[in-house]
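Here are the chains, one letter per residue:
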Amino acid sequence: MRIDDIIHIAADAGKIILENGGETYRVEQTITMICTSYGIPLTESFVTPTGIMVSITNKENQTVSLIKRVHIRTVNLNKVSMINNLSRKLVSNPLSMAEIRKEIDYINNLPSYSYNTTTFFSACTAGFFTLIFGGNYKDFFVAFIIGALINCLSIFLDKLDVNSFLKYMLGGALAAFVALLATSLGLVGNMDTIIIGSIMLLVPGIAITNAIRDTIAGDLVSGISRSVEALFIAIAIAAGASIIFKIWVLLFGGNLI
Amino acid sequence: MILNSFYAFVSSLGFGILFNIRGKNLIIASIGGGLGWFAYLLTSNLQPSVSFSLFIASMVVSIYSEIMARIYKNPVTMFVICAIIPLVPGGGMYYATLEAVKGNYEVALSKAFVTLFSAGAIAIGIIFVASISSILKKIKK
Numbered sequence: 001m002r003i004d005d006i007i008h009i010a011a012d013a014g015k016i017i018l019e020n021g022g023e024t025y026r027v028e029q030t031i032t033m034i035c036t037s038y039g040i041p042l043t044e045s046f047v048t049p050t051g052i053m054v055s056i057t058n059k060e061n062q063t064v065s066l067i068k069r070v071h072i073r074t075v076n077l078n079k080v081s082m083i084n085n086l087s088r089k090l091v092s093n094p095l096s097m098a099e100i101r102k103e104i105d106y107i108n109n110l111p112s113y114s115y116n117t118t119t120f121f122s123a124c125t126a127g128f129f130t131l132i133f134g135g136n137y138k139d140f141f142v143a144f145i146i147g148a149l150i151n152c153l154s155i156f157l158d159k160l161d162v163n164s165f166l167k168y169m170l171g172g173a174l175a176a177f178v179a180l181l182a183t184s185l186g187l188v189g190n191m192d193t194i195i196i197g198s199i200m201l202l203v204p205g206i207a208i209t210n211a212i213r214d215t216i217a218g219d220l221v222s223g224i225s226r227s228v229e230a231l232f233i234a235i236a237i238a239a240g241a242s243i244i245f246k247i248w249v250l251l252f253g254g255n256l257i
Numbered sequence: 001m002i003l004n005s006f007y008a009f010v011s012s013l014g015f016g017i018l019f020n021i022r023g024k025n026l027i028i029a030s031i032g033g034g035l036g037w038f039a040y041l042l043t044s045n046l047q048p049s050v051s052f053s054l055f056i057a058s059m060v061v062s063i064y065s066e067i068m069a070r071i072y073k074n075p076v077t078m079f080v081i082c083a084i085i086p087l088v089p090g091g092g093m094y095y096a097t098l099e100a101v102k103g104n105y106e107v108a109l110s111k112a113f114v115t116l117f118s119a120g121a122i123a124i125g126i127i128f129v130a131s132i133s134s135i136l137k138k139i140k141k
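Listed in order, the protein sequences are those of chains A and B. Its first residue numbered 1, the first sequence is counted upward by one per residue in our numbering. Its first residue numbered 1, the second sequence is counted upward by one per residue in our numbering.
You may find that some hints are simply not true.
[As the list claims (entries may be wrong)] 30 Å max Cα-Cα, derived DSS-like pairs, lysine-lysine:
#: 1; chain 1: A; residue 1: K89; chain 2: B; residue 2: K138
#: 2; chain 1: A; residue 1: K102; chain 2: B; residue 2: K140
#: 3; chain 1: B; residue 1: K140; chain 2: A; residue 2: K89
#: 4; chain 1: B; residue 1: K24; chain 2: B; residue 2: K73
#: 5; chain 1: A; residue 1: K246; chain 2: A; residue 2: K138
#: 6; chain 1: A; residue 1: K138; chain 2: B; residue 2: K140
#: 7; chain 1: B; residue 1: K140; chain 2: A; residue 2: K167
#: 8; chain 1: A; residue 1: K102; chain 2: B; residue 2: K73
#: 9; chain 1: B; residue 1: K137; chain 2: B; residue 2: K73
#: 10; chain 1: B; residue 1: K141; chain 2: A; residue 2: K59
#: 11; chain 1: A; residue 1: K89; chain 2: B; residue 2: K141
#: 12; chain 1: A; residue 1: K59; chain 2: A; residue 2: K89
#: 13; chain 1: A; residue 1: K246; chain 2: A; residue 2: K167
#: 14; chain 1: B; residue 1: K73; chain 2: A; residue 2: K68
#: 15; chain 1: A; residue 1: K102; chain 2: A; residue 2: K138
#: 16; chain 1: B; residue 1: K102; chain 2: A; residue 2: K246
#: 17; chain 1: A; residue 1: K89; chain 2: B; residue 2: K137
#: 18; chain 1: B; residue 1: K73; chain 2: A; residue 2: K89
#: 19; chain 1: A; residue 1: K89; chain 2: B; residue 2: K24
Quick caveat, the hints were computed from the structure, so don't treat them as lab data.
Throw the hints in and build the complete structure from the sequences for me.
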C-alpha cells in the first residue's frame with residue numbers, strides 16, 4: 001500500500017469534516033485514526049479552521065507531508081457524522097484503497113436539503129422564535145415571511161460568492177427593514193420580538209459551539225479564530241440592523257420604540 | 001411553559017434542517033432544544049438570575065447530547081449545536097444595538113455586558129459537562 005494514497009485519503013476525509021462544520025480536534029482525530037488503521041506508526045497533523053497540514057512516517061522511515069487549504073465553509077452535520085463513523089469502522093475493518101475512495105466520494109456528493117425545504121423551515125424557525133420571545137400570531141406571520149426572505153437572500157448571495165460579513169449584514173438589515181415596514185403599516189404588535197426572532201436565524205451557533213469545544217480540547221488557535229468569527233458575525237448583524245434604523249429615522253423621522 | 005418548550009422544539013427542528021441533519025438524529029437534536037428551553041424556564045421561575053438559568057439549561061442540553069451521542073454513536077456536536085441555539089442571547093445583542101443607535105451608551109454597555117455574561121454562562125455549562133464526560137471516559141478505561 002502506497003504511503004501517498006494513505007495520506008491523500010486521510011486528508012480528504014479530514015477536509016470533508018472541516019468544510020461541513022466539524023470541530024478541528026475531530027479532524028485531527030480522524031486523520032490519525034485512518035493512518036493508524038493502515039499501519040502508519042507516526043502521524044502528526046495540525047488543523048486550523050482554514051487549513052490542514054499532515055505529515056506521516058511509515059515503517060521504512062519514509063516521510064510524506066501534505067497541506068490542504070480549506071475555502072468552503074458550509075454546514076452539513078450529516079456528512080460529519082458519516083465520515084466520523086467511517087473512520088471508526090476502518091479501525092476494526094480496513095477497506096481497500098479503491099473501496100474507501102468510493103465511500104468518501106459517495107459521502108462528499110450526498111445531496112443537501114432542497115432550497116424549498118430550507119426556506120420553509122427557516123421561515124418556521126423565525127416564526128416560532130418570535131412566539132418564544134412573546135410575540136402574538138400577527139408577529140408570527142411577519143417573522144415567518146422574514147425568515148423565508150433571509151434564506152432566499154443567503155442562497156442568492158452564496159451563489160455570488162459574497163463574503164460572510166456582507167451576507168450577515170444584509171441579513172440583519174433585511175430583518176430590520178421588513179419589521180419596520182410592517183410596524184409602520186400597523187401589522188404587528190411588537191417590533192422587537194420580530195427582529196429578535198428573525199436574527200436568531202443568523203446567530204453564529206456553529207462558530208460559538210465549536211469555539212468552545214475546540215478551546216476545551218486544547219486547540220487554542222482554532223478556538224480563538226472561531227471566537228473571532230462569531231464576534232464578527234454578531235457585529236455584522238448588529239451593524240446591518242442599526243444602519244437601517246438610522247436611515248429610517250432620518251427619512252421618516254419619529255422615534256424608535 | 002410546555003407550549004414555549006414546544007416552540008423551542010420546532011425552532012431547533014428548523015435549525016436541524018438548515019444544518020442538514022437527517023432522519024432519527026434530527027428529532028433527537030430538536031428534543032434537546034425543547035428540553036433546554038424547558039430547563040431554562042423552570043430555573044428562571046425558581047430564581048432571578050438569567051446567567052444561572054442559562055448555565056443550568058446549557059448543562060442539561062450538554063448532558064442530554066452526551067448521552068444521546070453515546071447511545072446513537074454520533075458526534076456530540078451534531079446534537080449540541082442544534083439544541084443550544086434557542087439559548088443563545090440574540091435578544092440581548094439586539095437591545096444593546098438598539099440602545100447604542102438611540103445614543104444611550106450606558107444602557108447599551110450594560111446590555112452588552114449582560115449578553116456577554118450570558119454567552120459565558122452557556123460556554124461554562126458546555127465546558128463543565130464535556131470535561132466531566134471525558135474524565136468518566138478515562139475512568140471507564
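Checklist entry - Broken hints, numbered, in rising order? => result 2, 6, 7 and 15
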